[in-house]
Amino acid sequence: MLADLHLIAPLTVPGLALGGVYALAATGLVLIYRVSGVLNFAHGAVAMFATFIAYQVSIVEGLPAVAGLVAALVAGALIGFIIEYFTIRPLTGRPALTKVAITIGWLLVLQTGAGLIWGDTNYHLPVEVAPTNGFNIPIVNVIVGFDQLTIFLVAIGLSLGVAAVLKYTTLGASMRAVADDPASARLWGINVNRVTAASWMIGSAMAAVAGVLITPLINFNTYSLTLIVIYAFTPALIGRLISLPWTLVGAIALGLAQQWPTAFTSNGGINEVAAFVLVLIALVVIYRPGVGGARLRLRAA
Amino acid sequence: MISAARLRRSLVLVGIAAAVVLPARLSAFDQDQAALAAITGILVISVVLLSGYVGQISFCQFSFAAIGAFTTGALVDGHGWNFWLAMPVGVVAAAGVGVLVGIPALRLTGLLLAVLTVAVALFFDNFVLATNTWPAFSGGSTQWHPHKPSLLGQQLTGEYSFYLFTLVVLLLVVALVWNLRTGKVGRVLRAVRDSELAAGTMGLNVTAWKLAAFGLSAAIAGLAGCLIAVANESVSAGSFDFLHSVQIIAIATVWGVGSLAAAGLGGIFFVYGPELLSKTPLSAKWFPLLVGAALVVQLVYTPEGIVAKTQADIAHLLHRRTRVPVADTSMVEAA
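Read top to bottom, the protein sequences are chains A and B.
Numbering of the first sequence is given in my numbering, commencing with residue 135 and proceeding in unit increments.
Numbering of the second sequence is given in my numbering, commencing with residue 35 and proceeding in unit increments.
These aren't lab readings, by the way, just hints derived from the structure by calculation.
Heads up, some of the hints might be wrong.
Stated by the list, open to error - Sample of chain B residues at the chain A side, in silico, Cβ under 7 Å:
hint, residue
1, Ala-38
2, Leu-41
3, Leu-45
4, Leu-47
5, Val-48
6, Leu-134
7, Asn-166
8, Thr-167
9, Leu-323
Since we're looking at a predicted model, the values are computed, not measured.
Idealized CB from N, CA, C, for every residue including glycine.
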């Protein structure tokens, strides 16, 4: 067992990259939840579908990877807009459960649709936004791939960027106002519909980027990609679906928690154990009644 | 004069009679499918109980079913147990896990529990049921093949007799849940669903009721799993995964989580929908997509579900017809 400890350092690199991707997807999830009050179970499927658009553009059509990334970004935003505009907005004032059920419907539509379009084959070439060669960090003797570094930096950068937008721009202020109280926000002259649509577009686009960035790290198909992004619920819960910094911390923790144990076991299911334990910790330890209890309640609006 | 209640009673009786008689004429393959439809109906009821009565979404109903199925497989095929002994073990195990999953409900409100059930479903799919994690339970690389049981000296190996058996189980479960709904338990659960806060104020132990509902729902799903194991006479992890759970929620919601009639229709739909599709230019693979689309469209237009909507329409029709000639207030109230 101790002999495997030397694997920890090399496993930290993909762990951090994975964590970055989770951070990106989870930030999108929190954004959508806070502004529109909908826990989006289709988040993973949106990311997967947009990523396969990138696959279509970059691998099948042979255009540069960056073109694929942009296509995925646009596709993600578009899908987010369609979901919000046509199926969430008409349900304003209905119970939260109904809106969640809508996202379950979209999960099935996007999941099955992607399977029909791109087939059920298990292996796809990744969309490599950055070169896969790397450099060696001397003292610990760990090789860092440029792709892994790019994933980490882009993901963290985008997450922080969205946090900055929320904090410093007018759109961000409107989003926070709508998140706190849509009715008062409307009275203050904020176009609640437009802000809500923007949150779905930005959130879904972030999921799309997360999906594309993760492709070089995993063997992906239409199902596994959806599941990967579903893990983003874990850091979102660790951030109590409110706090972006804690979401970021949770994402990195999840990425590492999924990579490190692979040094000790060959059972691929260990990923699930890590995610499961973190979800339990988040739900049982972090969601203590009385600690900001009122704010944790799901909004019915 | 037909009252809505009497109409419903006769419809139910006609429905049961049709369910008993009609499949006798079907081919062996279709009788097998009919048995699967009845079993799926049981699963739909487990969703109805949780979503319709308590207002919780569970993404791991097929994981509960898997506990029943793999327990049956391991005990019957692996250890040579009698099915009738293995089945209660499977049901109790599923109920136990259901309560365990529900325990964080002690702290959670609303849909956060749903997130936990996603984690549970993925945990089962990729870890518990993975071939190398726990071969004594999952069967490892060889699948379990439990045989169909016998009942009162009668082997249930014939397609029609097995179908009748599943139908009886389905009706028993329907009767159980129906009784819960019309009795005190039903009123409590609906109070919890509509407002946990208000229910708590009324002195109800919301957490305990939610936990009990979770346990019962898991037990019913586990029962369905035990039946699936012997219906197929094989148990494979692939047929109990997360996406199946998502589909069963979608189907239950489309037909209406407030209604038990949804269960029968939902079961038939789940089994025969893909069959029908394979006879059209589309293939059976399109089924989940159409279910998802139906779910979205239906929630936007008739959020109460197709069955409940139709019931309301019929009640409305009867109401109009009876109200005009008889200016009797009791009639208006009844309708």
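Tested hints:
Annotation: B/Ala-38 was flagged as interfacial toward chain A, and the flag is violated, the nearest CB pair being 26 Å apart, outside 7 Å. Interface hint status for B/Leu-41: violated, as the beta-carbon distance to the closest one in chain A is roughly 29 Å, over 7 Å. For B/Leu-45, the suggested interface contact is broken, since its CB lies about 27 Å from the closest CB of chain A, more than 7 Å. A distance limit of 7 Å between C-beta atoms decides the matter here; for B/Leu-47 the minimum to chain A is near 32 Å, and the interface restraint is violated.
Taking 7 Å as the C-beta contact cut-off toward chain A, the hint placing B/Val-48 at the interface is violated, the least distance being around 31 Å. Taking 7 Å as the C-beta contact cut-off toward chain A, the hint placing B/Leu-134 at the interface is violated, the least distance being around 11 Å. Given hint, B/Asn-166 at the interface with chain A, holds; its Cβ is 6 Å from that chain's nearest Cβ, closer than 7 Å. This hint holds: B/Thr-167 has a C-beta 6 Å from the nearest C-beta of chain A, less than the 7 Å allowed.
Hint status for B/Leu-323: holds, given a least beta-carbon distance of 4 Å to chain A, under 7 Å.
In summary, the structure is inconsistent with hints 1, 2, 3, 4, 5 and 6 from the numbered list given earlier, while agreeing with the others.
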